[in-house]
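Residues -14 to 199 (the numbering used here) are what the sequence shown spells out, left to right.
Don't read these hints as lab results, they were simulated from the structure.
Be aware that one or more of the hints could be misleading.
Below, a list of computed lysine-lysine pairs in the DSS-like style, where the Cα atoms sit at most 30 Å apart [to be verified]: (1) Lys136 / Lys158; (2) Lys158 / Lys185; (3) Lys136 / Lys185.
Just the calculated beta-carbon pair ranges, DEER-fashion [what the hints assert, rightly or not]: (4) Phe141 / Lys94: 54 to 60 Å; (5) Asn102 / Thr67: 24 to 30 Å; (6) Val138 / Gly58: 36 to 42 Å; (7) Tyr63 / Ala171: 23 to 29 Å; (8) Ile78 / Ala159: 29 to 35 Å; (9) Asp142 / Ala59: 16 to 22 Å; (10) Thr131 / Arg86: 46 to 52 Å; (11) Ala105 / Phe141: 41 to 47 Å; (12) Ala171 / Asn113: 22 to 28 Å; (13) Thr131 / Ser90: 55 to 61 Å.
Where a beta carbon is used, it is the ideal one built from N, C-alpha and C, also for glycine.
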Amino acid sequence: MATYDNDGQQGGDGAAAENVAPSGVFGYGAYGANPYARQIDLGTVAPVLGGGLNSNLDGPEYLDYDVRGRDWGARMFYNCGTTYLLGIFGGGIYGVIEGFRKAPSRRPKIILNSVLNASALRGSRAGNALGVLAMIYSCWEGIAETVELEKYVGDFDVANPIAAATATGLMYKATQGPKTMVLAGAVGGAAAGCAAAGAKMFAKGGSTRGWLFF
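Construct the entire structure; sequences and hints are all you get.
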């Protein structure tokens, strides 16, 4: 059997190099250096090894990562679906209790009809209301992040949620008059501030990012 030195030259009994199958990884096997290793282009094997399109880079490549997590569009769809389902279930449970209490008769069929009517009415109203609020809030939060509101209020990391909740209350009650608008905005901002303060106490590192919606 033929052997090869470190430069890939044939030695031993003088057998042709073509008759020896390469072995090992990156040209090294049981019989020393592989004579075919110099013909391997690492760029075609794996660009991560330093060849191919990445060979001219001065440093490592990094994946783009948004510290804010999902973009506002993804958050809006997720928030709307989540809050709508919560409203459907919560309003439905309230409707079941209300329908049972307000049934005009104690007959089972009448009670069942009253429960179904009340649960459908309350569940749909609550789901629609919460879904609309989530959509408006997500849009305002996206606007606040786009203009980078936190830069203008110092190191106040709950500025975006509070501003978005306040604007949501103002817009949601815009047709009810100025007093109702202001009251709804104040309630929204106060609720967001209280929720942010509570979440900050339990959040890792004291961050409140992503505390209100996912």
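Outcome of the hint check:
1. For the proposed pair Lys136 and Lys158, the alpha carbon gap of about 29 Å is at most 30 Å, so the pair holds.
2. Restraint check: the Cα-Cα separation between Lys158 and Lys185 comes to about 29 Å, which is no more than 30 Å; the hinted pair holds.
3. Simply put, Lys136 and Lys185 have alpha-carbon atoms about 19 Å apart, close enough for the 30 Å limit, and the pair holds.
4. As the Cβ distance of Phe141 to Lys94 is approximately 58 Å, the hint placing it in 54 to 60 Å holds.
5. The given range of 24 to 30 Å is respected by Asn102 and Thr67, whose C-beta atoms sit roughly 26 Å from each other.
6. Between Val138 and Gly58 the beta carbons are some 25 Å apart, a value that contradicts the proposed interval 36 to 42 Å.
7. Tyr63 and Ala171 have their C-beta atoms about 27 Å apart, which keeps the hinted 23 to 29 Å range intact.
8. A hinted range of 29 to 35 Å holds for the C-beta pair Ile78 and Ala159, which are about 30 Å apart.
9. The hint said 16 to 22 Å for the Cβ distance between Asp142 and Ala59, and at roughly 21 Å that hint holds.
10. Look at Thr131 against Arg86: about 48 Å separates their beta carbons, and that is inside 46 to 52 Å.
11. For the pair Ala105 and Phe141, the beta carbons lie near 43 Å from each other, so the given range of 41 to 47 Å is met.
12. Distance hint check for Ala171 and Asn113: the Cβ-Cβ separation is about 24 Å, which falls inside the suggested range of 22 to 28 Å.
13. For Thr131 and Ser90, the hinted distance range of 55 to 61 Å is satisfied, since their beta carbons lie about 57 Å from each other.
Hint violations for this structure: number 6 only, all remaining hints satisfied.
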